[in-house]
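Enquirer: Start from the sequences and build out the full structure, keeping to the hints where you can.
Protein sequence lines correspond, in order, to chains A and B.
Be aware that the first sequence starts at 1, since it is given in this note's numbering, and climbs by one per residue.
Be aware that the second sequence starts at 1001, since it is given in this note's numbering, and climbs by one per residue.
None of these hints come from the bench; they were simulated from the model.
Quick caveat: nothing in here was measured; it's all calculated off a predicted structure.
All the given hints hold, so there is nothing to weed out.
Partial list, computed: chain A residues near chain B (C-beta under 10 Å):
no., residue
1, P10
2, V16
3, Y27
4, T39
5, K42
6, T85
7, G149
8, S151
9, S165
10, R179
11, Q184
Glycine residues also receive a C-beta, built at the ideal position from the N, C-alpha and C atoms.
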Amino acid sequence: MMRRGWWRSPLRAVAVCAVLGCGLLAYAHLGARYGYIGTPLKVRLAPRLQLTDDRGKPFDLSALRGRAALVYFGYTHCPDICPTTLAALAPVFQALGPDRGNAVIVFVTLDPERDTPALLHAYVSAFEPMPIGLTGPAAAIGAAAKDWGVSWRPAEGGAYIDHASVITLVDPQGRWRVRYGLSQVADPAAVARDIRHVMKS
Amino acid sequence: MRRYWPRLFVSTGTVVVIGSVAGLRDPLASMASYTASLMALNQVAPPLLLLGMRRSSRSASAIEQWLFDPWVAFCVFGAVTIAISLPGIFAPAVANAVFSAPLGLLELASGLLLWRQILPGGQTLDADWKIGAFGFLAGIPMTVVAVVWMLAPAVLYTPYLDVLCRWNISPLADQRWAGFIMLVSGAPLQLASLWLILGLRAPGLIDKQPS
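Expert: And the structure:
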């Protein structure tokens, strides 16, 4: 025979889980959290990026304040993921429409030995919109990659580089906002929406 | 010496909590280290903290009666485990809500609720086999997730897809390590539960408190 009041415990469980679920939804809603297609980052000032651009001039990321920046670390001899990722950003900028002038792509080489400013310039010129290519001393590049959370290692005797292939979206205030892998930029309209969002907030 | 054990347990549990919270700061660096931090909060810190806490002889308040109900502990633990490990099965709004929440706190709270039902002093179930079955069943979702992570042929979470993870390992290897860490973290719960189901506890070893 069933114990009297047997239903209390299941009812409590349902009630507590419902309160927990509603609490989570309220937490997300009250925080006015925008649903990024990329992976949101803890909002903080982006690490310094003081290198040499593809025209041989000094570059400082702070010069891009007022514009959103998509920062990507790769190398010009990369056979697959780097050109694929940079090419995947073209439709994103098309989707940005009139806002495309307020965003820029920054390509930082992980192979400064081979990627001279001239080679970088030739490489980035092949993409639309044309990224800003950055190079510099190996130590500075290594420190920048570490600061930006990009891990990498030489492969096949140094001919290639295995590296994290991620794009970091920096807002016009120079803060980290979102990170994308290649699979997350497959929807250009959604990425454009993210970029517009960080331009406004 | 025994009188110092509670302090030792609480101190160790507190150190685990602090260390784990620090490990949650950079979830994108490695799924394995992130999982290790979450598991430490969920399966390591709670039993240590509970073993070190003084048992109260006063009767439970209404809120405690709700929170320390085994059904509540079971459902909250299962829901938190599934929501955090398999966010893709929920609507995007719910998944976003889960990941905007303080996950470490959720893991710690659900772990405390669960382990309170298993460790001496907080048990509300009246027989060892019931406590064992409770713990064993509660641990199943965690074990299943761990096995899926270890055996999946592809990376299951997009944020880890295109990265070279901490220690220079591939995302797939990282995911497998994460699964292994979760499996190992859940093993004490499963073993303790089996121990109780099989009736192997020595009489008088654990003094129960009336609920």
